[in-house]
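All chains should be modelled from the sequences, with the hints used to inform the complete structure.
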Amino acid sequence: MDDSGYGSKSDDSNPRQPWLGCCIENEKLIIPMKILVVDDEQDIQPLFQQRFRKEIRKGEIDFAFAHSGEEALQFLENNNQEAVLILSDINMPGMSGLDLLGKIKKEYNAPPPVVMMITAYGDTENYNTAMELGADDFITKPVDFKELKEKINTL
Amino acid sequence: MNIIQQEKNLDAEQKDAVFKLLKAADKEIEILSFKLDRTEKVKRTTGILLEETIEELEQKRKNVEESHDALKKSLEELKAAQVQLIHAEKMASLGELTAGIAHEIQNPLNFVKNFAEVNAELIEELKEEIENGDLEEVKAIANDIADNETKIIHHGLRADGIVKGMLQHSRTVSNEKEPTDINALADEYLRLSYHGLRAKDKSFNADFKTEFDESLPKINVVPQDIGRVLLNLINNAFYAVAEKQKLQQENYKPLVVIRTKKLKDKIEISVKDNGNGIPTGVKEKIFQPFFTTKPTGEGTGLGLSMSYDIITKGHGGDLKVKTEEGIGTEFIIVIPQPSTGS
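Those protein sequence lines, which keep their order, are chains A and B. Counted the way this note's numbering counts, the first sequence spans residues 1 to 155. Counted the way this note's numbering counts, the second sequence spans residues 1 to 342.
If you are wondering where the hints come from, they were derived from the structure by calculation, not from laboratory data. Be aware that one or more of the hints could be misleading.
Claimed, not checked - No more than 27 Å apart at the CA atoms, straight line, and that leaves these computed lysine-lysine pairs for DSS-like:
hint, chain 1, residue 1, chain 2, residue 2
1, A, Lys103, B, Lys209
2, A, Lys151, B, Lys139
3, B, Lys113, A, Lys149
4, B, Lys253, A, Lys103
5, A, Lys58, B, Lys127
6, B, Lys266, B, Lys177
7, B, Lys246, A, Lys103
8, A, Lys54, B, Lys139
Laid out in structure tokens, this is it:
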């Protein structure tokens with residue numbers, strides 16, 4: 001119901017839950033890669049969870065979700081900047097993805113997380129601004145998950 | 001004279017008097033005949049003048065008739081122009097909506113595509129798990145597929161609703177009143193407006209909030225018309241905060257709040273911004289047709305006057321404005337709602 005996307009009071013999808021612990025598979029310790037997805041569309045969460053179901057099950061990737069730029073910053077603060085990769089939408093009410101990108105790149109630098117921008121508008125203006133602000137990649141919606149997986153694997 | 005001369009009964013003195021009288025009468029007749037002659041002349045002149053005047057009047061009557069016809073024609077043309085203007089205003093606001101609509105349709109379509117792809121993958125996995133005989137996993141995957149189907153339908157309907165709304169918005173014929181979920185309508189137009197402005201101006205950003213009264217019953221209104229009013233007020237609100245944002249004040253957070261409230265025998269919809277407010281001199285004019293503070297070409301100046309007509313004439317309600325310079329503006333739509341205990 002709360003599709004409004006602004007400062008969503010999430011109930012079933014609490015993005016502030018602590019990271020899940022590590023997993024042991026084949027007697028080998030696998031540290032999951034921590035990815036924070038920021039998008040005001042609520043259904044992004046089940047979509048990512050399903051597209052990466054294998055990776056999540058194997059403990060390779062651990063996702064967290066934030067539904068606004070403000071929520072994302074709060075999350076980073078509460079979790080000691082644990083996310084190594086942040087995938088953020090640009091077009092969100094309140095703090096935009098570009099604002100968030102600028103803040104992250106300015107304030108989190110030990111080490112700076114990789115930030116990929118995801119947007120419905122693949123225009124050069126957004127692209128240039130994102131690159132100027134230090135974005136590591138720029139992906140247009142609809143997300144090509146195959147491509148995204150490859151990008152994540154090469155991190 | 002001779003008759004008098006020959007009259008034996010009259011003495012000379014009497015005859016003399018009669019002569020005098022006769023002469024005087026003669027003179028009198030002469031004068032009268034002269035006067036009559038003059039009067040005749042005057043009469044003739046007057047007749048001519050009268051004729052001329054009648055002719056002139058006839059000409060004037062014709063002129064009046066002609067100008068009346070011309071005025072009637074102008075009025076008809078004005079009425080036609082008004083209809084066209086209303087249509088143009090609808091189309092202009094539709095144009096403003098285009099980017100928002102594109103975004104609002106693109107997003108659900110992306111979800112439809114993405115969830116359909118996920119399901120294709122899941123079906124492959126499902127087959128594998130059936131081969132493996134892992135019934136638990138088969139059940140789990142089947143449930144996921146079912147969930148995704150629900151999402152595909154939901155997002156499909158979302159796009160469908162936007163397209164339908166867009167078509168209704170552009171319709172020229174007057175529409176019927178129907179029970180309408182005002183909260184959903186306000187939410188839809190809030191999004192369209194926001195995404196439209198975002199797409200048009202990348203530097204624009206503002207926060208928005210909804211404070212909906214969940215107990216709001218369905219209200220009998222023309223949804224397209226109320227939608228147009230909402231769109232207009234919301235666009236104005238975002239415009240106001242964007243203008244203030246351009247002033248680059250410290251700590252300014254642009255915010256637009258839509259609130260609905262059920263009162264005893266009416267409902268209220270409020271669109272509030274924390275922009276620069278409306279100066280007093282301007283406030284009196286905002287509902288006048290063609291009044292706009294926007295640069296030429298950016299506003300038709302018809303938005304608020306048409307909104308006012310829709311609310312007052314179309315729905316028997318009221319459109320009020322509260323504003324404070326430097327603080328912001330709030331437009332309040334009041335629509336009467338007979339308390340039938342619905």
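A quick look at each hint next to the structure:
{"no.": "1", "hint": "A:Lys103 x B:Lys209", "result": "holds (23 Å)"}
{"no.": "2", "hint": "A:Lys151 x B:Lys139", "result": "violated (32 Å)"}
{"no.": "3", "hint": "B:Lys113 x A:Lys149", "result": "holds (17 Å)"}
{"no.": "4", "hint": "B:Lys253 x A:Lys103", "result": "holds (16 Å)"}
{"no.": "5", "hint": "A:Lys58 x B:Lys127", "result": "holds (20 Å)"}
{"no.": "6", "hint": "B:Lys266 x B:Lys177", "result": "holds (16 Å)"}
{"no.": "7", "hint": "B:Lys246 x A:Lys103", "result": "holds (21 Å)"}
{"no.": "8", "hint": "A:Lys54 x B:Lys139", "result": "holds (16 Å)"}
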